[in-house]
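Participant: Chain residues, written in single-letter form:
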Amino acid sequence: MTTIERKTIPVMDGLWQLETDGKPHLLGSRCEACGEVFFPRKTLNFCMNCHKESLEEITFSGKGRVLMLTKVERQPAGGFYKGAVPYTYGIVQLDEGVNIFSQLIDEPALSNDERVEMVVVKLYEEEDNDVMTFKFKAEIIREGDKG
Amino acid sequence: MMGKNTQWKDVYVQGTSTTKWGFFPDVSASSMGSEAIVNALRDARTKWGEVEAVFAGSVYQGTASGHRVVGEIGFTGIPIVNVENACSSGATAFRLAYDSIRLGQYETVLAIGFEKMPRGPIPSTAFPGWQLAMGFNVQPANYALETMEYMRQYGATVEDFARVSVKNRRNGSLNPNARFQKEVSAEEVLQSAMIASPLRLLNCCPLADGAVAMVLTSKPESNRAIHVASSVLVSGVYGEESYQSGITASVQHYPSEGIVEKSARQAFEMAGYGPKDIDVVQAYDSMGPGELWDIEKLGFCARGTAPELLREGVFDLMGRLPVNTDGGLLSRGHPLGATALAQIHELVLQLRGEAGHRQVADPKLGLAHAMGAGPNSAVTILQR
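Taken in sequence, the protein lines are chains S and C.
If you use the working numbering, the first sequence corresponds to residues 1 to 147, in order.
If you use the working numbering, the second sequence corresponds to residues 1 to 384, in order.
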């Protein structure tokens, strides 16, 4: 009997990491000169807004609000996407002041301006790996939604 | 510097030609391209030996694809420049051709856009790999987000977006080269399959194969030559969202002028005309709602007012400002590298009075606008 141990791997290294609170946090960059915030973390130390070499690494709280969202009903063209279809997709404004694209967990249903928080969940399986991604879900479990 | 320079030559479109748009599995991209070139030369009454350079726009045709097109006509030792700039490739080839004449490098050159859309996996290098893996590169989905924002800010409705498809498909029914030459009703649009809410199938342009070629010259030889009043390309301003390219807006440093507004302003300054002078427009309608905010951003009306003007018939063929007279991308289909030149082709026909049943009344100035992933925004103004 052989048991193949499944591994979890991120869809890309460096998008998030486990912090001391035991939770995954998105990683980014912040410009000390102009205050601009970037996600994902920029490997090149060059601020795209003020053009100074003054970026520092930051971790995000993982909380924000939904700016807008849509539900994708068709398999994306190109064969690069291996996750579930349909999926909810939108833009989240993180509290630190940056807008990011993300998939959203739309159960319970989300609406514009709703507070959300980041979670790491499985995007798809490949061979022995579970490929993980960040997504956002409603920050507070509302009454009647559980179970 | 965008102002006039007295040393610059005036540039004219002397001849133009388009293939039909659609799926032609048995016809190669280079055959379509060479067919368009030969017909453009015939239309211009220009000999192949007079052409001094070729600027060839395409997206999916691979290495030195313009050379293959020209090779089918016959090499003459002239430079061939291959141009890939996503959905603005054709307009970028046009811009380079225009500049090469304007700046006195050549007298007569060719701009071409050609595309045969690949089947199966389509690599999108406009998005990083992890965004592709996460499903962020779905054009209707990204346009859907922009559409939601437009609805929220200005109260536009799905009925407004359906009217864009109805108008453009009506115009397309008068265009013998369009992929779709059949009208649709608002009900059909509103009941077509949901792609990414609120966008349905008939809000989205179809793909197509096709090619357009144009002869540009500083020595016009007939009154059919159309003056190029300006040709402008702007590739990105920091901080603005570009849903086509997976770029979100900056929260803190949003630019005072967006990419479309900037390209339009530069094109009007260069031409010495303003939005009120324009008689016919080819706007970018890869997704129907985009036509509405495009018209607004180009300066033809205030933000949020295009849906009302559309309802009033202002953008119809017989309206005050006809938009997408050939049916737009929604009817013509979208061969990526050729699309922007197809828009310019339609302007040339309109300004010559050769647009047949879709001819608008006596136009003197026309404007074409193409967007593209990257992002790119290309504006061309033509003058009879």
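The hints are simulated quantities; they were obtained by calculation from the structure and are not laboratory data.
Ideal Cβ placement from N, Cα and C applies to all residues, glycine included.
Accuracy of the hints is not assured; some may be wrong.
Just so you have them, the derived chain S footprint on chain C, three or more residues with Cβ under 8 Å [what the hints assert, rightly or not]: (1) 131-138; (2) 143-157; (3) 204-215.
Simulated restraints, written as ranges between beta carbons of each label pair [unchecked claim]: (4) S/Arg65 to C/Gly62: 53 to 59 Å; (5) S/Gln75 to C/Arg311: 49 to 55 Å; (6) C/Glu257 to S/Arg65: 25 to 31 Å; (7) C/Thr157 to S/Cys50: 38 to 44 Å; (8) S/Val85 to C/Gln191: 46 to 52 Å; (9) S/Arg65 to C/Ala186: 31 to 37 Å; (10) S/Gly14 to C/Leu190: 42 to 48 Å; (11) C/Leu103 to S/Thr8: 54 to 60 Å; (12) S/Gly79 to C/Val38: 33 to 39 Å; (13) C/Glu159 to S/Gly79: 55 to 61 Å; (14) S/Ala84 to C/Glu257: 36 to 42 Å; (15) S/Cys50 to C/Glu257: 50 to 56 Å; (16) S/Glu117 to C/Ser28: 50 to 56 Å.
Participant: Could you run down the list of hints and mark each one as holding or not?
Facilitator: Tested hints:
Check on the segment 131-138 of chain C: 8 of its residues sit with their Cβ under 8 Å from a Cβ of chain S, so the three-residue criterion for coverage holds. Look at the segment 143-157 of chain C against chain S: 5 of its residues bring a Cβ nearer than 8 Å to a Cβ of that chain, three or more, so the hint holds. Restraint check on the segment 204-215 of chain C versus chain S: 0 residues with Cβ-Cβ distances below 8 Å, three needed, restraint violated. At about 44 Å, the CB distance of S/Arg65 to C/Gly62 disagrees with the hint of 53 to 59 Å.
Judged by the Cβ atoms, the range 49 to 55 Å given for S/Gln75 and C/Arg311 is violated: they are separated by roughly 35 Å. In this structure the hint that C/Glu257 and S/Arg65 lie 25 to 31 Å apart at CB holds, the actual value being about 27 Å. The hinted window of 38 to 44 Å between C/Thr157 and S/Cys50 holds, with their beta carbons roughly 40 Å apart. For S/Val85 and C/Gln191, the Cβ-Cβ distance of about 22 Å falls outside the hinted range of 46 to 52 Å, so the restraint is violated.
At about 34 Å, the CB distance of S/Arg65 to C/Ala186 agrees with the hint of 31 to 37 Å. For the pair S/Gly14 and C/Leu190, the beta carbons lie near 44 Å from each other, so the given range of 42 to 48 Å is met. Checked against the hint of 54 to 60 Å, the pair C/Leu103 and S/Thr8 passes, with Cβ atoms roughly 57 Å apart. Between S/Gly79 and C/Val38 the Cβ separation comes to about 37 Å, which falls inside the hinted range of 33 to 39 Å.
For C/Glu159 and S/Gly79, the Cβ-Cβ distance of about 35 Å falls outside the hinted range of 55 to 61 Å, so the restraint is violated. For S/Ala84 and C/Glu257, the Cβ-Cβ distance of about 40 Å falls inside the hinted range of 36 to 42 Å, so the restraint holds. Distance hint check for S/Cys50 and C/Glu257: the Cβ-Cβ separation is about 18 Å, which falls outside the suggested range of 50 to 56 Å. Look at S/Glu117 against C/Ser28: about 52 Å separates their beta carbons, and that is inside 50 to 56 Å.
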